[in-house]
Amino acid sequence: MDVAKYLSSIDIPAENDEEAKKFLSEKEAAIKESILKHWEEYSLTNPQPDKVIAVETPAIPLVKEAPNQPEEEKNETIIANPVSVITGIQNSTPPQPAILLETKQNDAFDRQIKSKTIIMPNGKANVEYKYLFRIEELGLTDIADYWFEGFNKTGLSFNFSTNEITGVPIIAGDHKIKLKIKRKDWIEGKPIFEREITLIINPDPKTLWKNIPTPNEIEYFKPDCAKSFIRVKAVTNVLGFGKNARKDIVAASQRGRSHAQEGKPRDDDFALKYLKEFDWYIITVADGAGSAKSSRKGSEIACNTVMDVCENLIRVKHTEFERLIKEFSNDKTGEKRKKMGDSLYHIIGTSVFKAVKNIEEEAKLKGKPLKDFSTTLIVSVCKKFKFGWFVGAFWVGDGGIGIYNKETQFLKVLGESDGGEFAGQTRFLTMPEITQPTELYRRLRFDIVDDFTALILMTDGVTDPKFETDANLMKVEKWNELWKDLSKEVDFSDDNEASADQLLKWLDFWSPGNHDDRTIAILF
Amino acid sequence: MRRLPVYILIQTSGAMRGEPIESIKVGLEAMVASLRQDPFALESVYMSIVTFSREPEQLMPLTELEDLQIPVIQQPTASGTHLGEALEYICKKVDEEVQLTTPDKKGDWMPLLFIMCDGRASDVQLFNQVLPEIKRKHFGSIVACSVGAKTDIENLKKITDKIVSLDTTDSGTFRQFFKWVSVAVSVGNRSVGATDEILLPPPPPEVHSVI
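So the sequences go chain by chain: A and B. Be aware that the first sequence starts at 11, since it is given in the numbering used here, and climbs by one per residue. Be aware that the second sequence starts at 2, since it is given in the numbering used here, and climbs by one per residue.
In short, the hints are calculated from the structure, not lab data. A few of these clues could be false.
Taking lysine to aspartate or glutamate pairs in the EDC-like style, the calculated list, with each CA pair at most 16 Å apart, reads [what the hints assert, rightly or not]:
no. : chain 1 : residue 1 : chain 2 : residue 2
1   : A       : 393       : A       : 478
2   : A       : 216       : B       : 105
3   : B       : 159       : B       : 89
4   : B       : 107       : A       : 431
5   : A       : 346       : A       : 330
6   : B       : 106       : A       : 332
7   : A       : 257       : A       : 507
8   : B       : 107       : A       : 478
9   : A       : 186       : B       : 30
10  : A       : 485       : B       : 89
11  : A       : 243       : A       : 206
12  : A       : 488       : B       : 105
13  : A       : 393       : A       : 460
14  : A       : 394       : A       : 337
15  : A       : 194       : A       : 138
16  : B       : 106       : A       : 478
17  : A       : 134       : B       : 65
18  : A       : 346       : A       : 332
19  : A       : 134       : B       : 89
20  : B       : 138       : A       : 431
21  : A       : 134       : B       : 67
22  : A       : 237       : A       : 461
23  : A       : 140       : B       : 68
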């Protein structure tokens, strides 16, 4: 460069290059400082267009420009915290041009991080959590280092070598986790970027259920659980040696968690009876509709009425009834069957009809709609004869009743479940069509069967979790599972008084989403 | 496990544009957080979020509460409020997603539908056509939440008699509304709202509705 010429043009009388060079070398520092100062002022008001474009195009890796700006990397005067970096332009002291550029880059990077969809799958308290976090999937470039903050309280941790978030979450809730990012060539004083991510840990539903006792003072109070065992003693056989065990009945009823949660009463009910003189068993379970306000009374009236009426009618009619059963055992078709059926209809049908009448009376007495007392009902009367067991049954609503023989794998389901299109829909005893003679008759079942492992009556609080579908109720495999499950907790040996408590305890089994009242009665 | 399907239909156009949409997101998150505290909800609620302006869009298919994360609700780019088309879309989704009882399948609880809109329908003809269809879908309950001052309540009355209205559209108001929705979904028979007392019959596990 012709320094002398330049100097003379600004009226500095440097005659030759020698003198000019001497001047420059002596005053170099001052000149450089002065020029730099002016250059900075100039570049602030005239930003270089090509670099601005680069900053505003996030697709182009931002930091790749850094090598062209070596000074800014070494610049120690960089503003310390990220907030002021982002808002650097508004700072009262004008920032240095190199900083300005980096500010814009950082700003863009920050926006990029904030706009990314970062999802961590929800976890569940006390259940192992594992999630592979791939930061490269976010499409962020030039990340030198990253880590998380906020895991320490959750029971989870981030393993940098495997990129996994693992652990067993201990606290449920919406946890705010911070993803911290250092960009490439980070040194002390440069910003650390941050993105908040919400990690949802679901509570363990088991810990959320409350058990609020039903207030004593409510109308139609009913204890939250009930159990019963009827022991039918073994008889010594004719020759005076050996014992013939006879079947006992056990039943238990437990308020569902959905009711316990709100301190609401149990709607289910049951009743059992063994008529010693005649050797007849009467068993019934009922499920008051959850949506009906006084259904717990409906189920109670139904069970008690059926019990009383059946008992009375068996007392009065047993001779003729048993004669017809005997005849039916010899000829299970035609006339004999019809007569037998008519006789059973007379006993169970009358009891069912009377149950409805009693419920109607109660409704009228209290000035409540009959619907408020809606209940399902399953009834069975049975007796052991020399030629086998006679089992008669009536069933309206959901739940189930079946004769099950573990050894022979015999299963007879005594009727059909009344289900609707949607969950919870069924038919009730109190519906007008149920007491129509043909409808009553249609719902009767009876048969003479060989000895069996158990006759089981259940409300839907048991059948829903254990059988799930109507089709499954007809499968002996499902009954095998049920029996296996029951036998784990209930000792079904003869005359076992403790079986009632064991059965009640069994009813507390856990099944997600199935928290209805549960009632089960077993003849075994 | 029986599912309780919950559909939330949100209008993003018209009176819902802007602040209400932002508030809804806050409200939805609060609702979900509250539902997570209810063990029955946690084990049965499946939720779907559908938005609509000119066209309906399912932001989230029926998703188990446990896995659910509230999606981003975008402001609409086009104008128009096709409520009829949106309801038709909901019917279609219900047909596809809600399981009815069959001998081999366990049926869902009757679905619930919550609609948040200003009640206007730019597609009047379709709107009127789809009304009987909505009735046939057997929703356990349909609640319409009218938003803003210029709402068409008469239109909403054609859909349901359970209508609540929100006068303001700040996040606090929506938080309150969704808090109630969560109660309606999980607990049941409660009353709320600026209009009449609402008795929602959401089906807790033991409810047997009458066929």
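Exercise for review: For the pair supplied as a hint, residue 138/B and residue 431/A, confirm whether the alpha-carbon distance does not exceed 16 Å.
Suggested key: Answer holds: residue 138/B to residue 431/A is near 11 Å, not above 16 Å.
Exercise for review: With a cut-off of 16 Å on the C-alpha distance, tell me whether residue 140/A and residue 68/B pass.
Suggested key: holds (14 Å)
Check your understanding: Regarding the pair residue 488/A and residue 105/B, is the alpha-carbon distance no greater than 16 Å?
Key -> holds (13 Å)
Check your understanding: Has the given pair, residue 394/A with residue 337/A, been kept, meaning a C-alpha gap of at most 16 Å?
Key -> Satisfied, since the Cα-Cα distance of roughly 15 Å is no more than 16 Å.
Review point. Residue 257/A and residue 507/A: Cα distance at most 16 Å?
Key: holds (13 Å)
Check your understanding: Are the Cα atoms of residue 186/A and residue 30/B separated by 16 Å or less?
Key -> Holds, because 14 Å separates the two Cα atoms, which is no more than 16 Å.
Review point. Quick one, are residue 106/B and residue 332/A close enough, alpha carbons at most 16 Å?
Key: violated (41 Å)
**Study point:** residue 243/A paired with residue 206/A [C-alpha distance capped at 16 Å]
**Key:** violated (71 Å)
**Study point:** Straight-line alpha-carbon gap residue 159/B to residue 89/B, limit 16 Å
**Key:** holds (14 Å)
Check your understanding: Is the hinted pair residue 106/B and residue 478/A satisfied, with a Cα-Cα distance of at most 16 Å?
Key -> OK: residue 106/B and residue 478/A at ~8 Å, within 16 Å.
**Study point:** Agreement of residue 134/A and residue 67/B with the hint, judged by alpha carbon distance not exceeding 16 Å
**Key:** holds (8 Å)
Check your understanding: Are residue 346/A and residue 330/A close enough, with their CA atoms no more than 16 Å apart?
Key -> holds (13 Å)
Against the hints set out earlier in the document, violations occur for numbers 1, 2, 6, 10, 11, 15, 19 and 22.
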